[in-house]
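What follows is the residue order along each chain.
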Amino acid sequence: MGVNSLYKTLWRKLTASLVFAVTLFFFSPQVLWAQGAAAPKGDAKAGQTLFQTNCASCHNPVSKLIGPPLQGVDAKVPGGMPAIYDWVHNSSKVLASGNKYFNDLYNEYGKVNMTHFPSLSNQDIDDIVAYVDSYTAPSSAPSPSGAPSGQAAPGSSNSLIFGILTLVLAILVLILVQVNSNLRKLANDKEGIGNPKPVPFYRHKRNIFILVIILFFVGGYLLVDGATTIGYSKNYQPRQPIFFSHKVHAGINQINCLYCHAGAEKSRYAMIPSPNICMNCHKVIDHYTGPALHNDEGKLVDGTAQIQKLYEYTGWNDQEKKFDRPGRPIEWTQIHNLPDFVYFNHSQHVKVGQIQCQTCHGPITTEDEVYQYATLGMGWCVNCHRTTKVQFTSNGYYTIFTKYEQELRSHQIDSVTVEMQGGTDCNKCHY
Amino acid sequence: MSVKISGLPNEEKPGAEELERLKNKKYWKSLEELKDPEGYAKAVRNEFQEELPFGEKDDSYLSANTPRRDFLKYLGFGTAAATLAASCQIKVRKAIPYLNKPAEITPGVPNYYASTYAVDGEYCAVVVKTIDGRPIKIEGNTMSSVTKGGTSARVQGSVLSLYDVTRTRFPMIDGKEASTWQMLDQAVISGLTAAGSAPVILLTSPVISPSIQQSIQDFIKKYPSARHIVYEPVSYAAMLMANQACFGQKAIPAYHFENAKCIVGLDADFLGTWVSPVEFTKQWVTSRKIDPANPAMSRHFQFETYLSLTGSNADYRYVHKPSESAAIIIGLYNGVAAALGKQTLPNAPAITDQRIVKGIGKATKSLVANQGASLVVCGFNNPNAQVIVNALNEMLGSGGNTIDWSTRLNYHQGIDAEMEKLVNDMNAGSIGALIVYGVNPAYDYYNADKFISGIKKVGLTVSLNDHNDETTQLCKYAAPDSHYLESWGDAQPRTGYYSLQQPGIDPLFKTRQAMESFLVWSGTANADALTYIQQYWKTNIFPKYGNGDQWQHWWDQTLQNGVTEPLQAPAKTGGNFKGDVNTAATQLVSSAPKPGSVEIVLYEPVAVGNGRHGNNPWLQEMPDPMARVTWDNFICVSPSMADKLNASLTRFNEVNYHKPVARVEVNGKSINLPIMVLPGMHPEVIAVAVGYGRGGNYLKGEELKQARRNLGVAAASVGKNVYPWVSYNSRTGTFNYSSGVASIANNGETYLLAITQSHSSYEGRPIIQETTLSAFKADPEELLKERNEEYAKYGNDYRKDATMYPDQYPYDQGIHWGMAIDMNACIGCGACIIACYAENNVSVVGKEQVSKGHEMQWIRIDRYFEGDHEDPQVVFQPMLCQQCDNAPCENVCPVAATSHSDEGLNMMIYNRCIGTRYCENNCPYKVRRFNWHDWNGADSFEDNLWDDPVVLDMNKSLTRMVLNPDVTVRARGVMEKCTFCVQRLQTAKLHAKKEGRPVKDGEAVVACQQACPADAIVFGDANDKSSKIYKLRQEQKNRGYGVLEVLHTLPNITYLAKVRNKDEEDFFHYEELTHSL
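Same order as they appear, the protein sequences are chains A and B.
Just so you know, the first sequence maps onto residues 1 to 431 in the numbering used here.
Just so you know, the second sequence maps onto residues 1 to 1077 in the numbering used here.
Derived, one-sided and incomplete: chain A residues facing chain B with beta-carbon distance under 10 Å:
#1 Pro275
#2 Tyr313
#3 Asp425
Simulated from the structure, these hints should not be mistaken for laboratory data.
All values reported here derive from a predicted model rather than from experimental measurement.
Beta carbons are placed, not taken as given, at the ideal position from N, Cα and C, and that holds for glycine.
Make the full structure from the sequences, and use the hints.
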């Protein structure tokens, strides 16, 4: 017992430190940005969110996309921040006013008008500028995907050590038992008590009985555990017609998920974007300049060739910059398959529940090829419904739960989970 | 269920014994339940009719040599097979986004387009729900003041006909595909030109579209010898002719049933089929609903020759022979005239039936008492009868009150004499060209042979029908019309009330809408329907209705609304009556059919209509509201006629589906039809529905196959075509739908009828509550007094105090869904059944399976009779899952596949169900449906589909486009039932949550409620004190009860007891029972 508890304590400590290390690793860039944000007047943290929601589909802080890189924009633009405010609020007006700097830019970037953002306040724009100024490209820092693998090595060697340790201890126990029994036999001989005919341990009835019991339970557990996951396809990672890297788009270039998957807030389907959405950017971005891409077999993938494939599908002539052929739709292989009897609605989770895409789709911003992150099993869904809290105070819908409101006020409960308002009822998903 | 009697005059009080008998009003579903309750109970004990494969006494299986080993073998095989099936590799599925997504489409989010349903003169303003580009559901458009958001079964079913696999898919010449439309057009145009001065006839169904009318006018301009003839197999010519004679207008005025305090229907099924049932139901029901603060109702008399939907809903119903119609119309006229001191009509035929004499007296009294607020409508296709009815209405001051001549109804335009003349001309060889559009005289003209021989003598024959139907097969050219959901169009149902039709999908096939065909043939430069309609509207309608708006803005707005109407309804005016009543009466009497000992009447069925909708499996499987028969027509006979036909009731019942077949001969043409005993029929009258037997009667083998290919599986040779029994009355110039001389004889054969009436038995438990208006007024609490007293024994709150688990389902916060069904409003039309089919992917099972009790409808309309079996009162009761808060089905499920939700819904989880059917057994309402076979291809084993031609038809990939993607398609071996349209409730909640507010009352609407033309169903959150359902339950406390609530099932559906506007003595049949059991 002593050994066992020691083992447990050790394990716990090691895990804790591991988690700590990983957490530290993940958060360090943010810490870095927060420090850097002290210089400009905006709030870089707020700016990051705003940038990703509004700007990232066309701009990158340090590299060219549809629009120019934004780092140092406050210094570059003649007229400083006020000129930038005007430009962001109504770019057409600035162009019409004959501003040379912006007109040059406009011509340089293929005469693509910048979307108007009248809803962004000056403070918002300050925040965004603060963010882009403080931004350091992830390629220079170790990529987040490197983090787990870097830390995984000591983790696995630990378990090896513990495994060897356990084996040694188990052999020790066996030896001790043997010694004990031999000693008892000797003692019996000495005292003249007859010893029963020795039986090899593997034919000992008691041992066989124990073995059968153990096998029954272990086997049963494995069987049931295995059977419940029949039909699950976790880690399913099919080859797609185009090597589309989410890491490049959502990770490095920080394009908001909803820019392409616009259905996630409106519909039951998140929607695979139609190629015309791709072409919003790829009319301009016709070759890949990012870090080398590798497929799951480790082979090098030519990013530019993938963009050419997109042109092939859409009928875009990159030389003459126009669509000159009939296109054909792209047949993606669906990764997340729910059976017909399950109704799942993205907008319920993304818009109402304010759930992050990553909660179910995993570290999508680090994946070159997407795989199924969650089991999508019912247990997985229900567990989340049991623990997740609804936006009880901020969403007016929940005002009909008057009793919970009172209980919250009198501190009988501290939050309302999805389950408490019927979120585990069968007909929330099955009808 | 007992009903207390109160407020009776002393002298009429019956004896104690009689009173006891009468107090216990007994409701019966079928005759055998009335005559032999025990035998009936035994017969319907099994919910499904077939014998189990092993009988109780058959122990051969158990005594076999190795039953245990066999058992283990099967068990082993079963387990292995299931494991294999379950662990098979998951299919690779593709996800294909749009190449260029249209801005208005978000996959998974439905779009709604206002449009117009106008087929065969039936009009409905609709909203089309399309999802991912395909129409899947039709709703009523509430912005129309004509149909006010109501729909009918046919309108609901029209979405399925879009995906009809037998629609003609390309233009044809001589039955073969024409490679291009140009080729066909050239041929047709040269044919038309070649016709020269010989008449070119456009033979169409009623055209209520002003643009199509205009395009036909263009056509006539181009071909001056052209004429437009409207033909209707079920004709309203007599009304048009009579109105021409009386008011100088060949039209039908607008009726206003809502203003009538006394309604007399003379063989006019205005709630089911007559003129415009949806519109009239909306009106009629406004005066039938009870305002608890001030209970008042119209009084409705119906004199009719068969048991119609309208008659079943009347307060007073009198059944008579068709040969007595003249006497009754004149009798009623004379009664009113005498009471008002006006001149009566001479030579009134005597009426021998004392019940009818009494009835006329009662109706007269009521009409006279409500002058200016009374309405008489007549469905008799005889102009003389219609003239007298016009005069009667005139005398009662209906004009300007319940009849409005300032707006007219345009639904019906056919003049029978023109059709008759056309057929003669065709046979004479004088017709140059015949273009048929929307009509099928080779099937539904009474003398089809003559039409067929005539059409062969016509130079050019073109059909614009959408199927290769009986008439199209005879035409050289077929220029198939697109479905209305694929076409642009418009309609003018009432004069001055316009409606636009926009497509919900591009044409699925190489079809072209009729209007464009007319335009091309008349040489219009731009034959685009939309352009033409816009042009028409811009010049004709916009100036009057635009109100100074910009054209484009106004057009967009109107297109979005679907309708445009006068800002203020024009003041109602009467007509200038100048009819000659006396001549009409003389002619009516002299032309009246001779009375016979067996008279026959033909009627249009509520679901299938005149036959046009034959290939709609939903409509075919919807039970006839009265006879509750599916997939067939049949002879309705009274119980006493059945006796005469040498048929004992134990054989002639609704439990045994093998019906004796009778040979009926009318006009020298005989047809064999199964006999259906229907209480409420006249003892000397038989009734048969038209619209069946498409393609021919008794088809077999290759002929049947051919007909199925052309007309569809659901239409071809289903039932018998009885149009040959229609006759043409040359004196009046109208079609006659009844005959005084019919002979009927039991020919000893039997025939399987799929009847649903005795399915789902309640084993005699009480479910209906009803009373009379006067009793209800006198003491509103009396109706449910006994029930309330009974419940009071358990404490203050029956719901909580009568249970051991008062806190089980508190529902003290959040949503608690509830429904109320007003039995005063429900007319039993079945629109809800078809709406449920469309919304919930309810399966079609085919005739054979219906006869085994396997029909899958989630909502049914139970028909109950009460009283005398020759003259019963009828009650309709929609029955669907009651979503009991204490549901008996839930606690017997061994796998928890049915359980209760926080919102008071009884949930059914298909993927969990293993099919023990315990729940079904334990459901006192019998609303659960079991998938006995694979109806949908949803089985885990492929190619397991039930081998019935209709089921296979419903599973063609084209037909499956009608499925609602938000509702699971159920597999074989699982139970299903009404879910309260939970997908709609979830959507409504999601909308509310996205906007951060509670669900608004009226936001969550269930399909049956939305479809109902009578607004009989109220639905909402009963926890919301401002909701309609909450208020209704409070206000209508004296009428609201739950069916079988004594079982403490706590149903979430409240039924409002039926109130009849009947005198007490009639309600309880104090008058001498003319027939004894």
